[in-house]
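In my numbering, the protein residues as written are 1 to 156.
Calculated from the structure, these hints are not laboratory results.
Accuracy of the hints is not assured; some may be wrong.
Unchecked claim - Result set (DSS-like, lysine-lysine): computed pairs, CA atoms no more than 25 Å apart in a straight line:
| no. | residue 1 | residue 2 |
| --- | --- | --- |
| 1 | K22 | K42 |
| 2 | K22 | K67 |
| 3 | K121 | K67 |
Said to hold, decoys possible - What follows is a list of derived Cβ distance ranges for each label pair:
| no. | residue 1 | residue 2 | range |
| --- | --- | --- | --- |
| 4 | I156 | L32 | 58 to 64 Å |
| 5 | E124 | D80 | 32 to 38 Å |
| 6 | D96 | A24 | 42 to 48 Å |
| 7 | G103 | L41 | 25 to 31 Å |
Using N, Cα and C, we set each Cβ at its ideal position, and we do this for glycine too.
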Amino acid sequence: MLYATTLWFAGENSGDVISLQKMAFVVFLVPLIVTGFRLFLKTDETLKPGSEERPRLMRRLGDGAGKQIMHMHVRDHYVDVFTEAGSTALLMRFSDAIAELEGVAGLRVHRSYWVALEAVKSVERQGARIFLLLKCGARVPVSRGYQNDVAAAGLI
Numbered sequence: 001m002l003y004a005t006t007l008w009f010a011g012e013n014s015g016d017v018i019s020l021q022k023m024a025f026v027v028f029l030v031p032l033i034v035t036g037f038r039l040f041l042k043t044d045e046t047l048k049p050g051s052e053e054r055p056r057l058m059r060r061l062g063d064g065a066g067k068q069i070m071h072m073h074v075r076d077h078y079v080d081v082f083t084e085a086g087s088t089a090l091l092m093r094f095s096d097a098i099a100e101l102e103g104v105a106g107l108r109v110h111r112s113y114w115v116a117l118e119a120v121k122s123v124e125r126q127g128a129r130i131f132l133l134l135k136c137g138a139r140v141p142v143s144r145g146y147q148n149d150v151a152a153a154g155l156i
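Please build the complete structure, drawing on both the sequences and the hints.
Structure follows, in structure tokens:
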């Protein structure tokens, strides 16, 4: 586009050197046109990034995944996301999956587990080990490094 505009300003004899004023005009005009097109083509969703009702991770799961995330478990390079409707494996980093859960009250309880606070039904102790029993029937271990976070959340 810049080349065509430059040729248009140069006139029919493209061997002519363009004046500094004409080149400055082209250099400032093209970004203004591109910015205008980008603003014109934006949708309402891109204009309001904070208007999402569902977490970004739920959009990755699709429409049939349910409405509430119960817990997540990481295995190898996959994150298993468990909802009330079932589970889905996503190829992504665990830290990225947790970051995409904005607005969901939950916490990491183990290096491989994240649980939603609403999903916790009870706490089970086996000696020094602590497990969270979830409403979906899952039994999630709490590692020693995360026990203070679980206690601060009022679960133990």
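Q) Are the Cα atoms of K22 and K42 separated by 25 Å or less? A) 31 Å, violated
Q.
Looking only at beta-carbon atoms, does the pair I156, L32 fall within the given range of 58 to 64 Å?
A. 59 Å, holds
Q: With respect to the beta-carbon atoms only, verify the hint that E124 and D80 lie 32 to 38 Å apart.
A: Cβ of E124 to Cβ of D80: about 21 Å, so the range 32 to 38 Å is violated.
Q: Check the following: the C-beta atoms of D96 and A24 are separated by a distance inside 42 to 48 Å.
A: Once the Cβ atoms are compared, 44 Å apart, the range 42 to 48 Å for A24 and D96 holds.
(Q) 25 to 31 Å was suggested as the range; check whether the CB atoms of G103 and L41 agree with it. (A) 28 Å, holds
Q.
For K22 and K67, compute the direct alpha-carbon distance and say whether it is at most 25 Å.
A. Violated - the C-alpha atoms of K67 and K22 are around 58 Å apart, more than 25 Å.
Q.
Need the status of pair K121, K67: alpha-carbon distance at most 25 Å?
A. The hint holds at about 18 Å.
In this structure, the earlier hints numbered 1, 2, 5 are contradicted, and the remaining ones agree with it.
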